[in-house]
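Q: Here is how the chains run, residue by residue.
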Amino acid sequence: MLTKKEILKLAEFSKIQLSKKEESTLLKDINNILNYVKKVQQYPISEKIKSNNSKYTNLRKDKIKTSQSDLLISQFADKKDNLLRVKKVL
Amino acid sequence: MNNNFTIEKINRELNNKIISCVDLIKDCIKKIKSDNLNDFITIFENDSIEQAQKIDEKIKSGKKLELLEGVPIAIKDNILVKDHKTTAGSKMLSNYVASYDAYVIKKLKQSGVIILGKTNMDEFAMGSSNETSFFGPVLNPHDRKRVSGGSSGGSAVSVASGHCAVALGSDTSGSIRQPASFCGVCGLKPSYGRISRNGLISLASSFDQIGPIANSSLDCAILFNVIVGKDDDDATNLNTKKVNIRNIKSKIKNITIGIPKNFDNFVTDKNILESFDKLIKDLRGAKIKIKEINMSFIDEALAAYCIIQPAESSSNLAKYDGFRYGFDSKVYDSLDDAYKKNRTMGMGDEVKRRILIGNYVLSSGYKEAYYNRAMLVQGDIKNKLNEIFKNVDFIITPTTPTKAFKIGEKLKDPLKMYFSDIFTVSASIADIPAISIPLKSNDLPIGLQIMGKYMDEENVLKLAWNLEKNFINK
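Going down the list, the sequences are from chains H and F.
Each residue of the first sequence is one higher than the one before, starting from 0 at the first, in numbering that gives the first Met the number 0.
Each residue of the second sequence is one higher than the one before, starting from 0 at the first, in numbering that gives the first Met the number 0.
No lab work stands behind these hints: they were computed from the structure.
There could be a bad hint or two in this list.
[Unchecked claim] With a straight-line Cα cutoff of 25 Å, these simulated PhoX-like cross-link-like pairs (lysine-lysine) come out:
#, chain 1, residue 1, chain 2, residue 2
1, F, Lys-366, F, Lys-269
2, F, Lys-366, H, Lys-37
3, H, Lys-37, F, Lys-415
4, F, Lys-106, F, Lys-90
5, H, Lys-19, F, Lys-339
6, H, Lys-79, F, Lys-16
7, F, Lys-62, H, Lys-78
8, F, Lys-269, F, Lys-439
9, H, Lys-37, F, Lys-90
10, F, Lys-340, H, Lys-86
11, F, Lys-62, H, Lys-14
12, F, Lys-81, H, Lys-64
13, H, Lys-20, F, Lys-108
14, F, Lys-339, H, Lys-8
15, H, Lys-3, F, Lys-411
16, F, Lys-415, H, Lys-27
17, H, Lys-86, F, Lys-269
18, H, Lys-78, F, Lys-16
19, F, Lys-106, F, Lys-25
20, F, Lys-340, H, Lys-19
21, F, Lys-108, F, Lys-16
22, H, Lys-4, F, Lys-62
23, F, Lys-108, H, Lys-79
24, F, Lys-90, H, Lys-20
25, H, Lys-87, F, Lys-108
26, F, Lys-16, F, Lys-288
27, F, Lys-105, H, Lys-60
28, H, Lys-64, F, Lys-108
29, F, Lys-290, F, Lys-415
30, F, Lys-105, F, Lys-62
31, F, Lys-250, F, Lys-286
32, H, Lys-20, F, Lys-250
33, F, Lys-250, H, Lys-37
All chains should be modelled from the sequences, with the hints used to inform the complete structure.
A: Shown next, in the form of structure tokens:
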């Protein structure tokens, strides 16, 4: 089951900050859920099932279509030319 | 409620000038505001009245309206409508204005329906009660102290209350069917791949499907035919055929209906069992073949779903950082701090819970035991259902194990909330179509779920129509 150290690591990875109260309630909730879902490990799988890959057959032709970039760029809150401006990375 | 607020009735009344389109739309908007059920996040008041005026001009000029022209529709707020807010029920997107129309919206606009507005929903479609919405819960019109169901709660309530004739919702493990059941209306989840997901804000990409909510299975079929179609921008858009309405409205014969053994172990409401048992008795009386089937996997179907869906959602929601669009807290001093502040302040508890679970079940050391295992379970269940459908044409169950529960009753216990989907999740796991239609009830609404073969929406709708006409509403 999830430990407190693991939930903090997960939160860091997910880019979410947790309050002290959230750390303990989420830990309890998630462990309850994991305790329930682990029944998939006991479910007998028939030998024929190797994987569950879906097949996508609706692939469009490799042709350039009109782009929506201008529309999407126009929604940037902070931009310079066509570039999105963010806080310094380092 | 408004069971006669149907597409054909509206079309007849508009063409015969019994009501003007402007009056119809204004009445709907007035009712939305006065009923105060919080089913709408945005109302397109000016746009819809302007469209209604054009419809009235067409009628005045002596032309006949096509079937859907002037029909008021509500759209779940995770489906993009260009130049209008699309919030997904979240603070993260509370001011996001869609820059394009979803494929289904383009199709709806061509049909002449009037979009009244965007409906309230569980945040990012994560929920079964419409209580996780940033915009507050949607109230059930049958009892305001009870939930509407979710995540398409606003859409189901808008139809049930007569705020519109039809609505679009989306269904990942029951999010159309369950609120339809709680509110006493019809809701169809198409087979996976039937309706383009282009312009639908994704929750779990291998389960999500847009579907119709209406007062009858016939209206679900009519709306289905509007939104179905070939879309090259969705690689998972696999079957684009319309359903045959004439066939749906004909008598269904020589069918076998499967009922899962021991399904009643999951039902806690006596009335649901009584109503369901009465229907079975009536079906047997009409010499319809009923067969007991083994669906002992439904618990594992829910468990597998509770692994796969958060896994996919944790990836789908990684895009929300507040930079290109969405909530920007502006209280950070580095990029990393920006990601954390924007996401933490922009998203609610259930969303955070599922992102954390999703990342956990995909992480090194756990992926084999959880995600990979869940995918194999899914494959096995799909095979088992294929085998079942060699001997039956349909499977029926109650849509939900309970009637609409009280607001706040299950919010503190996520696992209890997930169990609302115990009957609906199998259809999602197996990609098959399923509809919920109302059964007779003494008090709160009860839903009957009909599941059918993959891509066989036409027969699912046909059985639903036959049951409504000859058994339920008789």
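Q: If a hint holds in the structure, say so; if it does not, say that too.
A: Results of checking the hints against the structure:
1. F:Lys-366 <-> F:Lys-269: Violated, at about 40 Å.
2. F:Lys-366 <-> H:Lys-37: holds (12 Å)
3. H:Lys-37 <-> F:Lys-415: Given pair Lys-37 of chain H, Lys-415 of chain F holds - Cα atoms ~16 Å apart, limit 25 Å.
4. F:Lys-106 <-> F:Lys-90: violated (29 Å)
5. H:Lys-19 <-> F:Lys-339: Holds, at about 16 Å.
6. H:Lys-79 <-> F:Lys-16: Distance ~55 Å between Lys-79 of chain H and Lys-16 of chain F Cα, so the pair is violated.
7. F:Lys-62 <-> H:Lys-78: violated (50 Å)
8. F:Lys-269 <-> F:Lys-439: Since the Cα atoms of Lys-269 of chain F and Lys-439 of chain F sit roughly 14 Å apart, the hinted pair holds (cutoff 25 Å).
9. H:Lys-37 <-> F:Lys-90: Since the Cα atoms of Lys-37 of chain H and Lys-90 of chain F sit roughly 32 Å apart, the hinted pair is violated (cutoff 25 Å).
10. F:Lys-340 <-> H:Lys-86: Roughly 13 Å between the alpha carbons, so the hint for Lys-340 of chain F and Lys-86 of chain H holds.
11. F:Lys-62 <-> H:Lys-14: violated (58 Å)
12. F:Lys-81 <-> H:Lys-64: Holds. Lys-81 of chain F to Lys-64 of chain H sits at ~19 Å (cutoff 25 Å).
13. H:Lys-20 <-> F:Lys-108: violated (47 Å)
14. F:Lys-339 <-> H:Lys-8: Within the cut-off at roughly 13 Å; holds.
15. H:Lys-3 <-> F:Lys-411: Measuring from Cα to Cα gives roughly 20 Å; hence the hint holds.
16. F:Lys-415 <-> H:Lys-27: holds (14 Å)
17. H:Lys-86 <-> F:Lys-269: violated (58 Å)
18. H:Lys-78 <-> F:Lys-16: Not OK: Lys-78 of chain H and Lys-16 of chain F at ~53 Å, beyond 25 Å, violated.
19. F:Lys-106 <-> F:Lys-25: Roughly 24 Å between the alpha carbons, so the hint for Lys-106 of chain F and Lys-25 of chain F holds.
20. F:Lys-340 <-> H:Lys-19: holds (16 Å)
21. F:Lys-108 <-> F:Lys-16: With a Cα-Cα distance of about 23 Å, the restraint between Lys-108 of chain F and Lys-16 of chain F holds, given a limit of 25 Å.
22. H:Lys-4 <-> F:Lys-62: Violated. Lys-4 of chain H to Lys-62 of chain F sits at ~70 Å, over the 25 Å cutoff.
23. F:Lys-108 <-> H:Lys-79: Violated. Lys-108 of chain F to Lys-79 of chain H sits at ~35 Å, over the 25 Å cutoff.
24. F:Lys-90 <-> H:Lys-20: holds (21 Å)
25. H:Lys-87 <-> F:Lys-108: violated (43 Å)
26. F:Lys-16 <-> F:Lys-288: violated (46 Å)
27. F:Lys-105 <-> H:Lys-60: Within the cut-off at roughly 22 Å; holds.
28. H:Lys-64 <-> F:Lys-108: It holds: about 22 Å lies between the C-alpha atoms, which stays within 25 Å.
29. F:Lys-290 <-> F:Lys-415: Not OK: Lys-290 of chain F and Lys-415 of chain F at ~30 Å, beyond 25 Å, violated.
30. F:Lys-105 <-> F:Lys-62: This hinted pair holds, its Cα atoms lying about 24 Å apart.
31. F:Lys-250 <-> F:Lys-286: holds (14 Å)
32. H:Lys-20 <-> F:Lys-250: This hinted pair is violated, its Cα atoms lying about 59 Å apart.
33. F:Lys-250 <-> H:Lys-37: violated (45 Å)
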